[in-house]
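2 protein chains.
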Amino acid sequence: MHLFWEHGYEATSLAMLREAMGLTPPQIYNAFTDKETLFRKALKRYHETEIGFALEALSAPVSTREAIRRLLLGAAEAYSRPGKPGGCLFVSGALAASPQAQAIADELRTYRKASEAAIADRLARGRVVGDLPADLSVDGFAKYLAGVMNGMSIQARDGASVEELRVLAQTTLAALPAEGQNQAASKE
Amino acid sequence: MHLFWEHGYEATSLAMLREAMGLTPPQIYNAFTDKETLFRKALKRYHETEIGFALEALSAPVSTREAIRRLLLGAAEAYSRPGKPGGCLFVSGALAASPQAQAIADELRTYRKASEAAIADRLARGRVVGDLPADLSVDGFAKYLAGVMNGMSIQARDGASVEELRVLAQTTLAALPAEGQNQAASKE
DNA sequence: AATTATCCATAGCGATCGATACGAAACCTA
DNA sequence: TAGGTTTCGTATCGATCGCTATGGATAATT
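Those sequence lines, one after another, are chains A and B. Counting from 1, one number per residue, gives the positions in the first sequence under my numbering. Counting from 189, one number per residue, gives the positions in the second sequence under my numbering.
Don't read these hints as lab results, they were simulated from the structure. We put the CB at the ideal spot given by N, CA and C, even for glycine. Do not rely on the hints blindly, as some may be mistaken.
Below, in silico cross-link-like pairs of lysine-lysine (DSS-like), each with a Cα-Cα straight-line distance of 25 Å or less [claimed, not checked]:
no., chain 1, residue 1, chain 2, residue 2
1, A, K84, A, K41
2, A, K84, B, K272
3, A, K113, A, K41
4, B, K229, B, K301
5, B, K272, B, K229
6, A, K113, B, K272
Simulated DEER-style distance windows between Cβ atoms [unchecked claim]:
no., chain 1, residue 1, chain 2, residue 2, range
7, A, R125, B, L243, 38 to 44 Å
8, A, R40, B, S247, 44 to 50 Å
9, A, E48, B, S325, 32 to 38 Å
10, B, S325, A, A134, 28 to 34 Å
11, A, D135, B, Y217, 55 to 61 Å
12, A, E66, B, R206, 54 to 60 Å
13, A, E36, B, K272, 27 to 33 Å
14, B, K232, A, H47, 25 to 31 Å
15, B, P213, A, D139, 37 to 43 Å
16, A, S59, B, A322, 35 to 41 Å
17, A, L14, B, E254, 38 to 44 Å
18, B, A203, A, D135, 33 to 39 Å
19, A, N30, B, A203, 31 to 37 Å
20, B, E236, A, G83, 37 to 43 Å
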């Protein structure tokens, strides 16, 4: 998982994976069928072990603003964990791919879209409760938040520290008008 | 350039480049030395022809807020041009790379850092003129803006339309407090 | 203890990678 | 027109890719 996270799907060779796991070729194929299946298992593991902060943040019984705060600060921490590759596997795994690996790239895009949809769901619930300005576009703001998180992933990969990412998260929050207050400067 | 933009450095094979340019192997090596040199020439061309909006926005004689607005809206348009690969070559070219291509990945990271530094310079100039809130961190906000642009690049690659990216740009701007006004909600 | 069955590491499969050697065609010079 | 040179496309280089067949060591059974 760490190798795919660091180098991406295609740039990670089976030789690297073999060495890291101490397995011979037949062992690796008996255990994981093929490279694509192995990558999908790594994706599943990543989803289960590394980004729980997102589901927790979006499902916690707190205000929408607080939920988003937890989401962004959780990303700041998760994307810059010491001893782990920087950023998010869903972004680094295969942003660009050869035609042969399009299926993998599409699958990762699906993961990213699902994250964005989960954010949009949380925002929609917040709107129902009156937790968000009425004139705020749920889909638009979800795309903003998902986009910022993707950007944080790249910043983390470029060496940003957890403190720098936290500042980025705080700045991002400033784009969300405080409760009750109207959204200013939407048309300039 | 389009091939590298679409598939990234490593996933673009010389066979694809040959076919696209209609060149035989010796021709391509006579003209471009090797794949790495060819990629660097594509980078240069990209920088000259596709992202002029950034330099224009940051050097235009307008307020800092207007400069940032132009920068973000320019990115929204440049990252979703019809007939071009989505996103930014500096991001897609080699986010993750094999150990052999680390030099390329590092070079692209340098480009991204330079963009961020250019933004920070513009913000610093704005601060001198009193164009920005005094308590705003120039480096922090530059990292936010650069991060959002990187995120827009990924959203564009995931199929976001120019309108959606424009909304994202407008939302990003909302994090910049209006002139003279203090920055709210920086510590929660 | 002899034989059969099972497992597993090595060696190598075909394909493709980036890059190049070589023979044929074309062109300029004499 | 003949000679010499240069250009250029094909065929192929060694290395590496993901993946698998085979032979030898081990274990189980009669």
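Hint by hint, here is what the structure shows:
1. K84(A) to K41(A): Holds: K84(A) and K41(A) sit about 18 Å apart, inside 25 Å.
2. K84(A) to K272(B): violated (34 Å)
3. K113(A) to K41(A): holds (19 Å)
4. K229(B) to K301(B): Since the Cα atoms of K229(B) and K301(B) sit roughly 19 Å apart, the hinted pair holds (cutoff 25 Å).
5. K272(B) to K229(B): holds (18 Å)
6. K113(A) to K272(B): Holds, at about 22 Å.
7. R125(A) to L243(B): 38 to 44 Å: holds (43 Å)
8. R40(A) to S247(B): 44 to 50 Å: holds (47 Å)
9. E48(A) to S325(B): 32 to 38 Å: holds (36 Å)
10. S325(B) to A134(A): 28 to 34 Å: holds (32 Å)
11. D135(A) to Y217(B): 55 to 61 Å: holds (59 Å)
12. E66(A) to R206(B): 54 to 60 Å: Given a distance of about 55 Å, which is inside 54 to 60 Å, the answer is holds.
13. E36(A) to K272(B): 27 to 33 Å: The hint (27 to 33 Å, Cβ to Cβ) holds, given that E36(A) and K272(B) are roughly 29 Å apart.
14. K232(B) to H47(A): 25 to 31 Å: violated (39 Å)
15. P213(B) to D139(A): 37 to 43 Å: This hint is violated: roughly 49 Å between Cβ atoms.
16. S59(A) to A322(B): 35 to 41 Å: holds (39 Å)
17. L14(A) to E254(B): 38 to 44 Å: violated (52 Å)
18. A203(B) to D135(A): 33 to 39 Å: violated (53 Å)
19. N30(A) to A203(B): 31 to 37 Å: holds (33 Å)
20. E236(B) to G83(A): 37 to 43 Å: Cβ of E236(B) to Cβ of G83(A): about 40 Å, so the range 37 to 43 Å holds.
In summary, the numbered hints that this structure violates are 2, 14, 15, 17 and 18.
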